[in-house]
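Peer 1: Sequence:
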Amino acid sequence: MDEKILAAMKERYEVLPQEVQKAIMSSDYQNTLIELGKKHNLNIEQLGILERETTMVLFGVIKTSEYAGELTRELNIGGERTNKLVADVNEKVFLPIRESLKIMFEEDLPAQAGLPANQRSDLKNPQGPTLGSVIIRPQAPPPAIPPERKIELTPKLVEDKMTSAFKIPKTETDHTLGGGPDPYREAIE
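Heads up: the sequence shown runs through residues 1 to 189, numbered per the numbering used here.
Do not rely on the hints blindly, as some may be mistaken.
Stated by the list, open to error - Capping the alpha-carbon separation at 25 Å, the derived lysine-lysine pairs in BS3-like fashion look like this: (1) Lys63 with Lys22; (2) Lys38 with Lys84; (3) Lys39 with Lys84.
Unchecked claim - Pairwise CB distance ranges (calculated): (4) Pro141 with Ile34: 50 to 60 Å; (5) Ala7 with Asn90: 21 to 31 Å; (6) Arg73 with Met162: 52 to 62 Å; (7) Glu35 with Glu74: 14 to 24 Å; (8) Pro141 with Arg81: 45 to 55 Å; (9) Thr173 with Pro143: 45 to 55 Å; (10) Lys38 with Lys4: 23 to 33 Å.
What the hints contain is simulated information worked out from the structure, not anything from laboratory work.
Note that the coordinates shown come from a computational prediction; the quantities given were computed from them, not determined experimentally.
For each residue, glycine too, the CB sits at the ideal point set by N, CA and C.
Kindly generate the complete structure, drawing on both the sequences and the hints.
Peer 2: Okay, structure coming up:
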């Protein structure tokens, strides 16, 4: 994987709460994905893509609603085959982790009742760097546009060419070859 992607995923993982990190690490989802890849006849490259996309969903980089579309686009497989694969991944990978996430968030809801509204939502939707984020840097103001200069064609030249037939004068040169036999021609014997 690209180093930028790995760094962003590592940062995103560190932002997740400890309970979520433990749930992800204890699920052993990579081996499950390998088994599912064999079951659905995926090649090595497609297995890597499946693991990357699933990891991005687990870390919250990709929404679960976009997961099937991303797999269809990245794996280049049919929609029905993708739906079967997504159903298996949901059942064997996301379901155990989803339950631990629900339990964790249900326990945190009463504890955060006294927090301001903007801090409550941070527990439900942890913020961190995403792969699609755009870094906006201040830019220098655009350079001043110089005033428009009008380029005038010489009217006489245009008038001469447009009013009558224009003829280029013919110049003759005195480049002639000396008379005699062609030095490059071979004599016939």
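Peer 1: Taking the earlier hints as the rules, which of them does this structure contradict?
Peer 2: Of the numbered hints given earlier, the structure breaks none, since each of them holds.
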